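Since the structure of chain A is already known, use the hints to place chain B on it.
Listed below, chain by chain, are the residues.
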Amino acid sequence: MSNAILVVGGGFAGLTAAIEAAELGHDVYIVEKTPWLGGRVAQLNKYFPKLCPPSCGLEIQFQRIRKNPRIKCLTMAEVTGLSGSKGDYTVTVRLAPRGTAAHNVDFSLLASSLEGETPSEFELGLSGRKALYKSMPFAYPARYVLDPSTLSKSDAARVAGNKFLSLDEKEREIELKVGAIVVATGWKPYDVTRLENLGAGSVKNCVSNMQLERLASPFGPTGGRIVRPSDRRAPTNVAFVQCAGSRDQNHLNYCSYICCMASLKQSLYIAEQYPETHVTIYYIDLRAPGRYVNVLDKVKALPNVSLVKGKVANAVQAEGDRVRLTVEDAVRGEKLTLDYDLVVLATGMQPSLAGDKLPLPLPLDEEGFIAGGEEAGIFAAGCAYMPLDVTRTAQSGTAAALKAVQTVKGR
Amino acid sequence: MAQCTLKPDTDFTRALKEAGGESLKKCFQCATCSVACPMAPANAPYPRKEMVWASWGLKDKLQGDVDLWLCHNCGNCSDLCPRGARPADMMAAARNVIYRDLTEPSIIGKWMSKPSGLPFLFAIPAVLWLIVWWIRAGFNGGEWFPRAADGRIVFGQIFYGDYTIDPIFMLTFFGACFILARGVMKLWGMFKPQGSLAVIGKTKSWIWHLWDVIWDEAISHRKFDDCDDGPAVTKSAPNRKNGHMLLVYSFCILAFVTAVVALGHWGGKVIPMIKIETPMPLTFPVKILANIGALMLLAGLAILTWRRMSLKPADQVSSYYDWYLLGIIWLVAVTGVLAQCFRLADVIAPAFVVYYLHLVFVWMLFAYLPWSKLGHFVYRTAALVYVRMYGRS
Numbered sequence: 001m002s003n004a005i006l007v008v009g010g011g012f013a014g015l016t017a018a019i020e021a022a023e024l025g026h027d028v029y030i031v032e033k034t035p036w037l038g039g040r041v042a043q044l045n046k047y048f049p050k051l052c053p054p055s056c057g058l059e060i061q062f063q064r065i066r067k068n069p070r071i072k073c074l075t076m077a078e079v080t081g082l083s084g085s086k087g088d089y090t091v092t093v094r095l096a097p098r099g100t101a102a103h104n105v106d107f108s109l110l111a112s113s114l115e116g117e118t119p120s121e122f123e124l125g126l127s128g129r130k131a132l133y134k135s136m137p138f139a140y141p142a143r144y145v146l147d148p149s150t151l152s153k154s155d156a157a158r159v160a161g162n163k164f165l166s167l168d169e170k171e172r173e174i175e176l177k178v179g180a181i182v183v184a185t186g187w188k189p190y191d192v193t194r195l196e197n198l199g200a201g202s203v204k205n206c207v208s209n210m211q212l213e214r215l216a217s218p219f220g221p222t223g224g225r226i227v228r229p230s231d232r233r234a235p236t237n238v239a240f241v242q243c244a245g246s247r248d249q250n251h252l253n254y255c256s257y258i259c260c261m262a263s264l265k266q267s268l269y270i271a272e273q274y275p276e277t278h279v280t281i282y283y284i285d286l287r288a289p290g291r292y293v294n295v296l297d298k299v300k301a302l303p304n305v306s307l308v309k310g311k312v313a314n315a316v317q318a319e320g321d322r323v324r325l326t327v328e329d330a331v332r333g334e335k336l337t338l339d340y341d342l343v344v345l346a347t348g349m350q351p352s353l354a355g356d357k358l359p360l361p362l363p364l365d366e367e368g369f370i371a372g373g374e375e376a377g378i379f380a381a382g383c384a385y386m387p388l389d390v391t392r393t394a395q396s397g398t399a400a401a402l403k404a405v406q407t408v409k410g411r
Numbered sequence: 001m002a003q004c005t006l007k008p009d010t011d012f013t014r015a016l017k018e019a020g021g022e023s024l025k026k027c028f029q030c031a032t033c034s035v036a037c038p039m040a041p042a043n044a045p046y047p048r049k050e051m052v053w054a055s056w057g058l059k060d061k062l063q064g065d066v067d068l069w070l071c072h073n074c075g076n077c078s079d080l081c082p083r084g085a086r087p088a089d090m091m092a093a094a095r096n097v098i099y100r101d102l103t104e105p106s107i108i109g110k111w112m113s114k115p116s117g118l119p120f121l122f123a124i125p126a127v128l129w130l131i132v133w134w135i136r137a138g139f140n141g142g143e144w145f146p147r148a149a150d151g152r153i154v155f156g157q158i159f160y161g162d163y164t165i166d167p168i169f170m171l172t173f174f175g176a177c178f179i180l181a182r183g184v185m186k187l188w189g190m191f192k193p194q195g196s197l198a199v200i201g202k203t204k205s206w207i208w209h210l211w212d213v214i215w216d217e218a219i220s221h222r223k224f225d226d227c228d229d230g231p232a233v234t235k236s237a238p239n240r241k242n243g244h245m246l247l248v249y250s251f252c253i254l255a256f257v258t259a260v261v262a263l264g265h266w267g268g269k270v271i272p273m274i275k276i277e278t279p280m281p282l283t284f285p286v287k288i289l290a291n292i293g294a295l296m297l298l299a300g301l302a303i304l305t306w307r308r309m310s311l312k313p314a315d316q317v318s319s320y321y322d323w324y325l326l327g328i329i330w331l332v333a334v335t336g337v338l339a340q341c342f343r344l345a346d347v348i349a350p351a352f353v354v355y356y357l358h359l360v361f362v363w364m365l366f367a368y369l370p371w372s373k374l375g376h377f378v379y380r381t382a383a384l385v386y387v388r389m390y391g392r393s
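So the protein lines, in turn, are chains A and B.
Following this note's numbering, the numbering of the first sequence begins with 1 at its first residue and continues without gaps.
Following this note's numbering, the numbering of the second sequence begins with 1 at its first residue and continues without gaps.
Keep in mind that the hints were calculated from the coordinates and are not lab data.
Treat the hints with care, since some could be wrong.
[Claimed, not checked] Covered by chain A, according to a simulated footprint, are these stretches of chain B (three or more residues, beta-carbon under 8 Å):
1. 42-48
2. 150-157
[Said to hold, decoys possible] Distance condition first, Cα-Cα at most 30 Å in a straight line; then the derived BS3-like pairs of lysine-lysine:
3. B:K17 with B:K61
4. A:K46 with A:K177
5. B:K202 with B:K241
6. A:K357 with A:K86
7. A:K309 with B:K61
8. A:K72 with A:K33
9. A:K67 with A:K309
10. B:K192 with A:K188
11. B:K223 with B:K202
12. A:K67 with A:K86
13. A:K177 with A:K357
14. B:K26 with A:K309
15. A:K309 with B:K17
16. A:K50 with A:K67
17. A:K309 with B:K202
18. A:K33 with A:K403
19. B:K25 with A:K309
20. B:K223 with B:K17
Predicted, not measured: the structure shown is a model, and the values here were computed from it.
Where a beta carbon is used, it is the ideal one built from N, C-alpha and C, also for glycine.
The following block holds chain A by itself, in its conformation from the complex (with noise of 0.2 Å):
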């Protein structure tokens, strides 16, 4: 029998749901797959609801993980077995290597002179990352990582003598005793390369939403500057397609609900950084729930954005780079084609475990989407269990918590 409570994802829902457990004097273990926390969110330029960078909310959450010892955060981690039952679970975590000394060294010099790249995965494609890498300023653990497969000759042969730094490390496994398990493992952008109709990910100047968060980040590949990533020059026009692969049944066949808030947010960015450039945004309907209607009135004010209703069916590449769209208007009854600097997707998003086989006992609905389990005290929180802003993610983390906790007490 344990009290401990098991946490499988470290982005918002997970990381609230182990601050708030952990808070309540429960011994929490967090699982993350990547080697650092944050999630999704870490990844954005600004997040709503109230369009903060992302260091603002994680930093907070950073400060209450490091300050109670209570939370374990084991990263590069995943879940590879269970046993046991409600109340007397056994995990099974295996832990890959890290190949970075356990205190945080500040590897920055050594990093930019090593030679081998690899498109980085935080970056989405848009840049290349080293051998040794931290993805974000705030990232936490603060630690880097070691990516032996990236390493050139001269690279292996310049980390091979630092004492900080293991080349051999190996992947190990450790188990750990918990009552309850609380699962928010998150959503992935819908794959673009199976958007045949919308370029299949292969037209240039064509992004999704995420890159276009990673382009308008003061982190990212170009330090915050919305340009065209084929040629790094300001788009003079750009045009956000919605429900690229949501609510289509051969795609996503669900409304993912943060794609429009996230294109009038990302309007918004271009529109601080280039009043002059034009944005228009392709939708079947604009979703604005609740008090976001505001967000979508000061867009909608803005001189240079045009709301035009229809779904873009098809993009293809046009000369100079640029991206031939074609929609009809369906409200004017025309059909469109028009050539445009930056195609913005507005990708859905597809939780994580879709297409995924994660070792416990879990129904997933035809999406992915977790639909049930809590009988086994097996609780689902943030974009795991059905889309969700971040706003809504920390409530359902906070929720899952609770139900977690109200598995255990008393063991």
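Quick look at chain B alone, frame taken from chain A:
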């Protein structure tokens, strides 16, 4: 803003659903379909507007909609449709409802619209040809399966051209032509916009536009290729061009052969030189052409049937109209070929029975043409002429 009051005709929406558009209410007007369609023009593209008209039951709008006939039913719109509303099937259903209601007597349209009407449709020619058979059997001394004087099987013994087949089929043919012509006039009237229409620039007679349509579209089947030029679709559907082309050309060949035989027969009475005796020997050029036509017909049918059977129901569904037309052409082709085979194999009873069925099915094909999907070759041509005349492309 101008106000207008819409009068939804829910019966019409229901009729569309029954005629193959059962998913039309799933549409949420995203307009993907108008882009998916490579043929839809920039101005007032289709089929999104048709989907909302259908959903609202705006019968007048759809009946007078020339775009229904510009659609060649490639199914791109249904493939990309995010809701599975299947716009392509709705367009086909709207055409079906027009076949049903366009011309009198409307009872035939009703019979044609559902399987329960089949017995009536079959009974009319079945009784007709049975009476002919019965009368002619009387002429042959009560013999229902007579042989010619030289012992051959000659269908003309029973179904004698001069007095039976030719008059009946000529009446049927010209009757169908008359009904089709009335249908086209009516359709044309519905296409015309309300009020007056100013046409600027050079105009030419509809005859020349008809010539252009036949030359530019019907013969080349160009639009079927245009159909495939839409946005990339992950689903692949078998192309209809080859099947449809084989079918159209075989119909042309068979019509030509029929005309030649008719000319040889009737003209032969005046100018003995061009007389053609039936049955023609297998090596006779006209017979060879006829058999080539029959083989092309079977091949085309096989391709189109296979295509319909391999359609995924989520994207495209074949309606009763589709299957009726394919079915009746199959029956015409199979009974035609079998009648010849039985005749050559000298099995007299099956030969006559199958030939009788052949006549029944051929009559069904022609007499009911104005209410069947086959009517599209006239109505669609009329619509294509109309759009050329009024500058929509």
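Here's how the hints hold up against the structure:
Beta-carbon proximity to chain A at under 8 Å applies to 5 residues in the segment 42-48 of chain B; the threshold of 3 is reached and the given coverage holds. A count of 0 residues in the segment 150-157 of chain B with a Cβ less than 8 Å from any Cβ of chain A is obtained; the coverage claim is therefore unmet, three being the minimum. Of the pairs offered as hints, the one joining B:K17 and B:K61 holds, with about 17 Å between alpha carbons and a cut-off of 30 Å not exceeded. A C-alpha spacing of about 37 Å is found between A:K46 and A:K177, which places the hinted pair above 30 Å, so the restraint is violated.
Restraint check: the Cα-Cα separation between B:K202 and B:K241 comes to about 33 Å, which exceeds 30 Å; the hinted pair is violated. With a C-alpha separation of about 20 Å, the suggested pairing of A:K357 with A:K86 holds against the 30 Å cut-off. For the hint linking A:K309 to B:K61, the alpha-carbon distance of about 22 Å falls within 30 Å, and the restraint holds. Taken as a hint, the A:K72 and A:K33 pair is honoured in the structure, with Cα atoms around 14 Å apart against an allowance of 30 Å.
A hinted pair counts as satisfied when its Cα atoms are at most 30 Å apart, and A:K67 with A:K309 does not qualify at roughly 50 Å. For the suggested pair B:K192 and A:K188, the alpha carbons sit about 53 Å apart, so the restraint of at most 30 Å is broken. Between B:K223 and B:K202, the direct Cα distance comes to roughly 25 Å. Compliance with the 30 Å bound is thereby established for this hinted pair. For the suggested pair A:K67 and A:K86, the alpha carbons sit about 29 Å apart, so the restraint of at most 30 Å is met.
For the hint pairing A:K177 with A:K357, the CA-to-CA distance comes to about 22 Å; that is within 30 Å, so the pair holds. For the given pair, B:K26 sits about 18 Å from A:K309 by alpha-carbon distance, which is consistent with the 30 Å threshold. Restraint check for A:K309 and B:K17: the C-alpha separation of about 27 Å stays at or below 30 Å, so the hint holds. Taken as a hint, the A:K50 and A:K67 pair is honoured in the structure, with Cα atoms around 26 Å apart against an allowance of 30 Å.
About 37 Å separates the Cα atoms of A:K309 and B:K202, which puts this hinted pair outside 30 Å; it is violated. About 24 Å separates the Cα atoms of A:K33 and A:K403, which keeps this hinted pair within 30 Å; it holds. Annotation: proposed proximity of B:K25 to A:K309 holds, straight-line Cα distance about 19 Å (limit 30 Å). For the proposed pair B:K223 and B:K17, the alpha carbon gap of about 27 Å is at most 30 Å, so the pair holds.
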